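Protein chains in written order, with numbering that gives the first Met the number 0: chain A, 0 to 147; chain B, 0 to 100.
Don't read these hints as lab results, they were simulated from the structure.
Everything numeric in this text was worked out from a predicted model, so none of it was measured.
Cβ coordinates follow ideal geometry from the N, Cα and C atoms, glycine included.
Do not rely on the hints blindly, as some may be mistaken.
Unchecked claim - Residues from chain A that keep clear of chain B, each with C-beta distances beyond 12 Å, as calculated: (1) Ser9; (2) Glu19; (3) Ala31; (4) Ile72; (5) Val81; (6) Glu116; (7) Lys130.
To be verified - Residues from chain B shown here face chain A by an in silico Cβ test under 10 Å; the list is partial: (8) His22; (9) Arg33; (10) Leu61; (11) Leu62.
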Amino acid sequence: MKAKASNFVSVDFPSRSANEGFARTVAACFAAQLDPTLDEVNDIKTAVSEAVTNAIVHAYPDTIGKVSMKLRIYEDNGMEIVIRDWGVGIEDVEQAREPMFSTGGEERAGMGFTIMESFMDKLRVRSAPGKGTTVTMRRRISRRAGVK
Amino acid sequence: MAVSCTCDRRSLTAVLSGELDHHGAKQIMEELDRRVEQELPRQLTVDMGAVTFMDSSGIAVLLRAHRRMAQLEGSMSVINVPKQAQRVFRAAGLHRIIKFL
């Protein structure tokens, strides 16, 4: 059974690279409500940075479009992160998720999805060419001893 | 994000600082390219001790520098990697390609 969401936040921003730092900082601040360790906060920041960078680089290659980030925390100490764009979409999601696959040229390593996968508990990617992409990630934050 | 380089007897040290993401990576790549072309070093040391955050953009930066140093038949090593960046490199298996000290 899915745990109940106890809090949420939603932010929209244009696909400008300056917003990569903004988005991961917002996610880190929101995650702080779950009293995460520094490693857990860093994992969330890294995964958000990868997902938002994908939207900025790949979804809107020649234009500035809208990126939306929704964050939810659940009563089971889980955090859900949804990053959505309305850009070009991904033709073959399985191929895009493979390590080292990139259409981003020399500036990209093709490791974004690999890192999201290894830093989060769950990763789901839904995409339709011409319509956009939604990346949903989930991460359970450990409850620390002595904390209610 | 900033990079400052010092060169001594064809040994180039690049000190990176701040947040290394896609937003700042291009500028770092360009500066590293420029200094490597200028000095044609035998050894490149990338010092990451002052990097406060890094995502996979850092992998692309290091791979590019590594490729260029291989073309020059030189060597490259990376030092003082913060824990968060180490986790990113490990997830990507970069230790199989690049020498971390």
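For each hint, the structure was consulted:
1. Every C-beta of chain B lies more than 12 Å from that of A:Ser9, the closest at about 22 Å, which supports listing it as non-interface.
2. Listed as a non-interface residue, A:Glu19 fails to keep its Cβ farther than 12 Å from every Cβ of chain B; the least gap is roughly 5 Å.
3. Every Cβ of chain B is farther than 12 Å from the Cβ of A:Ala31; the closest lies at roughly 16 Å, confirming the non-interface assignment.
4. Distance check for A:Ile72 against chain B: the nearest CB is about 22 Å away, which clears 12 Å, and the non-interface claim stands.
5. Against chain B, the non-interface label of A:Val81 holds: every CB pair exceeds 12 Å, the least being about 19 Å.
6. For A:Glu116, the shortest C-beta to C-beta distance to chain B comes to about 8 Å, within the 12 Å cut-off, and the non-interface label is violated.
7. At roughly 23 Å from the closest C-beta of chain B, the C-beta of A:Lys130 stays outside 12 Å, upholding its exclusion from the interface.
8. Taking 10 Å as the C-beta contact cut-off toward chain A, the hint placing B:His22 at the interface holds, the least distance being around 4 Å.
9. Interface hint status for B:Arg33: violated, as the beta-carbon distance to the closest one in chain A is roughly 16 Å, over 10 Å.
10. The restraint placing B:Leu61 at the interface with chain A holds, with a minimum CB-CB distance near 9 Å, inside the 10 Å limit.
11. Below 10 Å, beta-carbon pairs count as interface contacts, and B:Leu62 has one with chain A at about 6 Å; its hint therefore holds.
Consistency with the previously given hints fails for numbers 2, 6, 9, ordered from lowest to highest.
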